[in-house]
Structure formats: C-alpha cells, structure tokens
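Note that the protein sequences, when read in sequence, are chains A and B.
Counting from 6, one number per residue, gives the positions in the first sequence under the working numbering.
Counting from 6, one number per residue, gives the positions in the second sequence under the working numbering.
Keep in mind the hints are simulated off the structure, nothing from the lab.
Treat the hints with care, since some could be wrong.
[Unchecked claim] Just so you have them, the derived chain A footprint on chain B, three or more residues with Cβ under 8 Å: (1) 28-37; (2) 54-65; (3) 76-90; (4) 309-318; (5) 329-340; (6) 347-360; (7) 375-387.
[Said to hold, decoys possible] A few chain A positions that, by computed beta-carbon distances, are all more than 10 Å from chain B: (8) G108; (9) K140; (10) S172; (11) P249; (12) S332; (13) T337.
Ideal Cβ positions, reconstructed from N, Cα and C, are used throughout, including at glycine.
Protein chains: 2
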Amino acid sequence: MTDRSTGVAAAKGFRAAGVAAGIKANGKPDMALVVNDGPSAVAAGVFTSNKVKAAPVLWSQQVLTTGKLTAVVLNSGGANACTGPGGFQDSHATAEKVAEVLGIGAIEVAVCSTGLIGERLPMPAVLAGVETLAKALAPGADSSLDAASGVMTTDSRPKQSALTHPSGFTVGGFAKGAGMCAPNMATMLSVVTTDAAVDQPTADAALRAAVGQTFNRLDVDGGTSTNDTLLLLVSGASEVTPDPEVFTAALTEVCADLVAQLQADAEGVTKHVTISVSGARTDAEAVATAREVARDNLCKTAFFAGDPNWGRIAMAVGNAPTEFDPSGLDITLNGTVVCQGGVGVGDRMAADLSGLDILVEVDLHAGGGRGTVLTTDLSHAYVEENSAYSS
Amino acid sequence: MTDRSTGVAAAKGFRAAGVAAGIKANGKPDMALVVNDGPSAVAAGVFTSNKVKAAPVLWSQQVLTTGKLTAVVLNSGGANACTGPGGFQDSHATAEKVAEVLGIGAIEVAVCSTGLIGERLPMPAVLAGVETLAKALAPGADSSLDAASGVMTTDSRPKQSALTHPSGFTVGGFAKGAGMCAPNMATMLSVVTTDAAVDQPTADAALRAAVGQTFNRLDVDGGTSTNDTLLLLVSGASEVTPDPEVFTAALTEVCADLVAQLQADAEGVTKHVTISVSGARTDAEAVATAREVARDNLCKTAFFAGDPNWGRIAMAVGNAPTEFDPSGLDITLNGTVVCQGGVGVGDRMAADLSGLDILVEVDLHAGGGRGTVLTTDLSHAYVEENSAYSS
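I would like the entire structure built from these sequences, with the hints used as guidance.
Pasting the structure below:
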C-alpha cells in the first residue's frame, strides 16, 4: 500500500525544488520551494506554541487565515527569529518574490525558516535563490529529495514519506529537525501534501488529529522552538474524496513515519526510546507522565548506558503532574517487569536494554488513560553537538 | 561574623558522628548521627514533593508531626525508596535502635537515606553502625566533618556551614547531593542545627522562608528526588532568643552557603550559572521563567561551551509559563546586553562566558516580579557520571 520514497511531490498536482542559495557559508543546500498546481488550494497548518515566534511563523499564520496556500518557500541557515520588524519585512519580501516569479499573490505564499536565532537573513542570496528555485520546480522523486535536503540543518539525512491509498489518493511530505523540541537552533519544519479532494475543515481537523498523535508525541529535549511549522497542502488532483476517517488515518501514518525518522536522526541519538503509560486517570495525564520521563536527564543518561535503573523512572513518574498511588506503580522495561506495586521485583539486570530500541511501560493503576511519547537518550554526542554548534 | 568551618555540631547542645558501617561496598563512610542535647528539642523539616517518597521520608514526616526531634540518623549507600512495607520497617527498626542506644523514644528519631532506589538496606550493617555511631558522638569540628562525610554519595567533598550571630546564637549544618533535583540516585539531604532559643512555629516559619529562597532555587537537572529532606534541630542552649527576622536571616545565610556548595559540586559542573529574571508579572512567574532556562538542555550545553548563544535563552523564556510581550524581551550575559526589545544588539561574542561564573539577566518588562535560580551546565562529565553510575 505504501511507497515512502518520493516525498513532498509524490501526490498529483505538486512540484518541488531545493537549491544551495548561498545562505549557508559551507555551500550546502539551504532553500526549498513547494508549489501546489491545484485544482484545489486548500491548506492547513500548525505552528509553534512558543511565545517567542519567528518572523516567518508570524507571516505564515497571517496568510493561512484564508485557509489557502499555493506555495511554501523554506530556508535553512537562519531562523529569522528575534529579528524584529526588519525580520518580518524579510519574510514578507521573500513571499513577494515567490509571488512574482509564480504569477500569484504573496498572500498565497507561506514562509518557513530554520537555523540560528537572532541573525538577519542575507536577503540578496534569498531573493536570488527564489529565482533559481522557480526554474528548478518539477514533480517526482528527485525534486522531492532536493526540497527535503534544502531545509536540513544538523539533520544527517533527509526525512521523507509518502503513501498511496487503494482508493487512489496520495499523501506525502518531508520533515527536518530532531523533534518538536528544538534540538540546537535547528527547528522542526514539515510540509505534507495530498491530492485527495478534501475541503479546508476536513484538512484542518485531520491535520490536528494527526499531529496530536505524532509530532506532538516526540520529545527530544523539551525545548519547543521558535520556528516549528507543519503545513498541509491539498491539490485535489486525484479527484478522490476519501472518508474523513480514512484521510486522517493516511495522514497520521505519513506523519508517524516522518516522526520516526526525526527520532532516529535526533542529535546524538544512540537509543530509540518509547515511553508508554497506561492506567492514568486521563489520556492527558498519561501523556504528561510519559513526557516527564522523556525529559528527565537521569532517565536519558541511563538509557544511553543501557542501564535498567528503573528507580530513576519511578522518580520521574513521581514528579509528573498526575495523581496515583505509588504503591500501585508497575514498570516494565523491554518486556521485563522490574517494579511491581511500587517495589522492585527480580533482578533488574534481567531487562536487556543493550539494543537500539527501548520500550518503557508504566502502569499507574489509577484509571483508563493511556498515552505514548517517543524520545531519545542523552549521550556524549548530544552534548558535543550542542556545545560545539554555531555562534 | 561568620565561622563556616564547623558544621552541624557548631551550635551549643549538639553532638555528631560519622562512620563507615559497611553499607557501601567500597568501605567509604556511609552513616551519620546528629544528637540534640537540648534543653529544647524543637525541630522543623521540609521533604520532597515527589509523590514517590522513600521509606525514611514517610517515617520522618510521621515523627516530625510532634514538632520535636532529639536525633537524626542518616545513611548513604541506599535510598530505601520503592522498597514497600519492608523498607518502612527498616527505617522504623533503625530509629528504634537509635532510641535504644540513646535512651530515648523512637518517635524522637528522624531517619534519612540516600543512594540507589529500589534496593533494601543491609540491616545488620545499619544496626551495628548505629552502635558505632553512638560511641563516636562528640561536639565540634571533627565530628561535624565525620557526619558530613557519612552522607556523601557522588559528592566530591563535604558541604558544611556555620554562622555565629553577634547576639550569641549559632546556626550550622551540612548538606549532601548536587541539588534539590536528583543528580544520580543521590539525593539532597541536609541537617541544620541552632542553639537559638526559638519555639517550633518560629523555627518552622524561618525554615520554610529560608528554603524558599535557597534550596528551592537550585535546579541542577529538574529531577526532585524521592528522598530530599532538610531538618532543622533547635537546642536553645545559647539561651539567646533572637528576633524572628534576625533568626530567619541567619538561617537563610547558612542555607545559601550550603546551596552554593551544592551548586559548586554538582555532577559534571564546569560553570556556576545564575539565572536572574525581572519584570515578570509576579515573583512566582519570574522564578518559573528562570527555572525553564535552568532546565533547558540547549541553554545548558551552550553554558558548557561558554557560548553566548542568547537565542536559546529566548527560546526557553518563550516556553515558560508566564505572560509577556516578546518585543520587550531584554537579555544580558555577564553584563553585556545581547538582546534588547526582542532583537539582537551588537556582537554577541562581546559577552565573555569563558570564566567559571555565568550571570544571565532576563527582563520581561511585564511587571515588578523578580526571582533567581541557580543552575549548572550540561557537560560531558555529567553524562559520563550519570551513565556510568550504579546498577
């Protein structure tokens, strides 16, 4: 059912491009453009919850109030955050340039940026890059890969996904970054496209449902960036109108695949950790508990060591904003029960955490709520990458 | 005015001891005893807010409901947390043994433990250790040092403080651990003594005020442990009854000195970082904002690098649970303004963070609230120590 090789221009009606525009000093790809040729121009988006929002986020939120987008232009090499009114004018000028070369209105163009916070973008390079991008626009796998590559910062590889449903519609996209949570000054950016013929309310509801179960469940280091943006573009070119539940499921599958790629390429990652909490009073409390474990540096260094030190997990669970009776706490590591009824059982070393994947299961025995958060370990490489990077 | 060399038995009416009882396999000191010879037995305490509380915390909270304590027995080498009813019986039995050798009631004995979570204590060693401790009890500097040494886990040195007020009363004490926040399975334990003649409500109020400004403002890694305990013992032996404000100020000074020593000896520390927030709507929001920066791994790795990457601080401030206008955000690093009105100013590299001390000043321009949190950097040594330790 799936062909995950083709990315953001996999769905009918989309073209993409990626180029090295000279924003990055090292000459690597640093700009991308995605264009929706229709017939629909429906779009939906979700943006960072950080109160310090980058200029391109403020711009894109504004133009998306129409519920429509024809193009998205993205750059790496600079976040254009904490750049004041001048930075906002830069985002606006970039959209105007895209509108000019495509013969559309600037209000149809979203802008995304990622990189170091607090520096203005080199606008001559950006505006020249837009012209190069427009000439390179094409459908298919090569241009999808170019676009996915143009937004990379500390990513070691592009992240793409695509899925064609048996009923005839396709969902595809790319993502960059190592989480919703700002690893480095890199930030999470993602553009997902579909040729399904869905209206704006359906697209918006499906996107929010998918994000709640995928992107918002990845927590690498707790730091939601100033630039996080996920945009969904709908061309309708397949002329297939799926049931909203079918469409949401397909969109969720593509998003989950992109998130798994983000987790696998997170900064310094040596372990892929899944924290699954059940028995909470509510699903929200289960997610909050899983997130507390996912953010705890003592748990994360134990994961790095492959150390089944479940006492650190019990400590983190005890600090979570949730109500439970500690004498009912169960903890299972990669299938081995290590804590039952709040007390250690058996030999903790029987839990084998030496492999790449670690599954932490916590049962609070306080209700029917459940939720899962994906995270990574805290390694020497994470410290190295984040103490050596930039400025 | 101050003599900070003598610790927990500096005040009149106190004796202390520390021994190697064989709980730790490496033969290092692992037990301590502090005895209040009166005439007063007033005591106050604060305990971890973690919902998963260690057995000795449950025991000590119970006996402290009387507002009085005659002795505190402490051990390192095991946290006695997540050990169930059997673990609670171990704490009780330890208190009974202390009561027996001192000729007092078990209800007058608090118990503190620190070390790995989830393992039962070797009770024969603990009970024999109590007998050894009782024989070693003495006033003065040597026994204070022994007691401070007996509770160390990953601490590299004992932390002690004492202060004699001109009016004639003394406050002294020790602390162990690298924060309120569980570094390793080590936990924050502290015993502070005074010969001031203050009643229980005064002692309790002074302790809570002092802790709010000192211990609760240190955040090494966000993980409040299962065992955190701070006890204040009052002998009244100086026969001086200070004004409550004078007493609170003296107690706060000793606590602040102990906290500075905890910060300086935090796991893997290479930078002593002070996050000072002003202009918040309330003091609580200022502290919450400072804590968000203190807990952010991207900020902490930048501190490790001595990198004035203020964009990461802006990102963390934007994630804090506080209301402010991002276009009013000012950030100053070691006296150099790097962000003003939400926009970068000047050359960020003019801020020199190469030394041991880093002062981060954030002004939200949203009100008159202010607050400070102490933290440390996130270094390779932190990862090493926490991935190599135990189990």
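Status of the hints after comparison with the structure:
1. 28-37: violated (count 0)
2. 54-65: holds (count 5)
3. 76-90: holds (count 5)
4. 309-318: Three-residue rule met by the stretch 309-318 of chain B, so holds; n is 8.
5. 329-340: holds (count 4)
6. 347-360: With 5 residues closer than 8 Å to chain A, the stretch 347-360 of chain B meets the three-residue bar; holds.
7. 375-387: holds (count 4)
8. G108: Its Cβ never comes within 10 Å of chain B, the nearest being 34 Å, so this holds.
9. K140: Fine: 33 Å to the nearest Cβ keeps K140 of chain A off the interface.
10. S172: holds, 41 Å
11. P249: holds, 33 Å
12. S332: violated, 7 Å
13. T337: Label holds. Min Cβ-Cβ 14 Å, cutoff 10 Å.
Going through the hint list in order, the structure does not satisfy hints 1 and 12.
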